[in-house]
Amino acid sequence: MKLYDFLSENKTAIVSTWFNEILATYPSDTSNFLKNKKDRFANPVGQTIFAGMEGLLTQIIAGLKTGEVLNKAEIDLLLDGIVRIRAIQDFKPSEAVGFISGLKNIVSNQVKDAKKSASVPSEGELMELGRLLDDLLLRAFDIYMGCREKIYELKANEARNLTFRLLRQANLINESRMSAPCFLNFKNIDKERKEVAK
Amino acid sequence: MAKFTAKPKDLINIDYTTPKTEWMDTPTEIREHMFCHATKAKDLETVEFPNIHEWRPQDEDWKLPANWEQTILQGMQDLLKKYRSFQLFMDICVRCGACADKCHFFIGSGDPKNMPVLRAELMRSVYRGNFTLAGKILKKLAGARKLTPAVIKEWWYYFYQCTECRRCSVFCPYGIDTAEVTMMARELLNLLGLQLGWIGGPVANCYMKGNHLGLEPHTIKSSVEFFLDDIKEITGITIEPTFNRKGAEILFVTPSGDLFANPGTYTAMGYLMLFHELGLDYTWSTYASEGGNFGFFTSNEMAKRLNSKIYAEAKRLGVKWILGGECGHMWRVIHQYMDTWQGPADFLQEPVSPITGTKFENAKATKMVHIAEFTADLIKNNKLKLDKSRNDHLVVTYHDSCNTARGMGMLEEPRYIINNVCNHFHEMPEDTIKEKTFCCGSGTGLNASENMELRMRGGLPRANAVKFVKEKHGVNMLANVCAIDRATLSASVDYWVPGTAVCGTHELVANALVMKGEKERTLDIRLEPLPGKEASE
Ligand code: SF4
Ligand code: SF4
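Sequence order for the protein chains is S and P. Quick note on numbering: our numbering labels position 131 of the first sequence as 131, and the sequence is numbered without any gaps. Quick note on numbering: our numbering labels position 537 of the second sequence as 537, and the sequence is numbered without any gaps.
None of these hints come from the bench; they were simulated from the model. In this text, a Cβ means the ideal position worked out from N, Cα and C, and glycines have one as well. All the pointers check out, no bait thrown in.
Mimicking PhoX-like on lysine-lysine, the simulated pairs with C-alpha atoms at most 25 Å apart in a straight line are:
1. P:Lys113 to S:Lys92
2. P:Lys436 to S:Lys35
3. P:Lys434 to S:Lys37
4. P:Lys113 to S:Lys38
Which residues of chain P face chain S? A few of them, derived with a C-beta cut under 10 Å, are:
5. Asp431
6. Glu453
7. Pro498
Sample of chain S residues lacking proximity to chain P, with all beta carbon distances greater than 12 Å (derived):
8. Met1
9. Ser8
10. Thr12
11. Gly55
12. Thr58
13. Ala62
14. Asn71
15. Lys72
16. Glu74
17. Asp135
Please build the complete structure, drawing on both the sequences and the hints.
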């Protein structure tokens, strides 16, 4: 049996085990909620992660089947959904993206388990899957870094806006009398801000 | 490769639930990016708050005053006596869990102590241990615990992860309002001098200068003058607003944030243009120059002190009534507290729109009208000439601010306005708007920068709904009627839904408003070319 057929056949079980594995990284009160609340607006974390995992597996299956390169844009979108959330929760970087390696073990365990009853994918195919997941992991790490950088950028932007504000205030408030030059400064800064914003 | 000792079969059968620790036995870790800095001593001195001392949240020792325990217990006793609601909220929760998964901070963080029921339990447990017989005798069995410095830290950490949005209370069968429990907790923490810089600073500024940013009269005036320059560039019209003018019919009060920070500034320009077009007899005040009230996030008394300037200024200027700008918590304070604190405002008249003659009976007590009500009434009475197509480059959705939606029940007016000034409007899903709206994630003084990770967690449920309408309808503008929303949602959507902008409702009005004698517009309020008009620029 080809690996993509095996993955297709066992897709539900694999996704559900994979999902459970990531849920186990949350406190138990929370994982119940993340697992059982099916509304995507009431439970964006659980639903995004689940849909992301399902989508990733679909992409992997399609990639293996056609033997073509994976749809990287689609994969990145799916990874982004999950990683963007985990990047701002209480996780270390390795914990935030580590769920990807988990899939290797889940699949190989499923394969080993099925060995007795049916024909199973070859070791070579499993190694191919391993390489694919390694690539995904690296992509996920890039996304994670992008998210963290964004957090710092947001902080820096707000701090910079505040500095502008303080500068403007300093120009006008620290001088007990207003004078033309200070007004000019004020205005220049404002224009500058608009340029920056543009 | 790593060696696995477990058999494959066992691995598949792993129980993936984490071991359960009772919340009381789970220690609180004060984590970087999740909290706001401590306030400066000088700011607390300005408003004479108690137990002023230098401390840092990340330090082991918070240098609590010697009698900290007695201070808190006495404080609790006083609050229980003063507010019957607080006593009730401590007693009647049946822990049904209906509120548990309704908080944006829980949804976004997955931290069980962000479940409203558990958040309140952080305080209830101390209440039981000290104020109930069962708790005193049965202790932990009755859900009671002792007050320790670790409990104080836990309170501080989690009551500053609540934006007092009241979403949880909508789902509680008993109407328990965890926001009020948070208010009590913050009031108690304030007794120990454990105030946030982002709250303490604006409070001191507001007390001394009349607004959160500490803008002095000439700065306010020059800020407005910049807007006038831009308005002239866009419309060709010269506007001359007045400041502190005695005898004006209406006093206009709005959050100071809109005078300084984008995109709020565009909303402020919208006010100026609208009032000019109407020929409204109104004045700005450089003293009552803040609609918001960060005192509301410290103590009832402080909120009252800061709020008092609005009526004082209205009286000094001799106006007939007060018009208030787009803001969230400002309206919760006005709607639910102002009349009790400062009323009756019998030196003012029941607000009547000078343009339409409409009596704003809902504002009979406070004499203060929300600008969305005012403008919706103008549109309803056909008093504005509007060119919707000037907003055709925008696909708009509307975020209900917690305070205007749940705190004062204003749901339809902003939508009515937006639908009359825009051609493309799409609602977010039902369970995320109106009474069930999700908080922006950074209200109640949590809109600092150092706690950005917390803000992103709290902002996720709202942003997630925005993302949905963006994907479905191509939404590119998130409108609202709140100055804090304008500041905080900008960061939140930048992280979660990049490519979405944030605006006040009156920015949209200003784009569409056809003014008498205006030149042909080629720019929108942001000074960006209007679509289709780029060439003529
Ligand atoms: S008031 Fe809002 S932030 Fe506070 S616990 Fe309730 S839902 Fe959460
Ligand atoms: S919904 Fe009300 S009664 Fe139920 S747990 Fe929450 S606060 Fe308690």
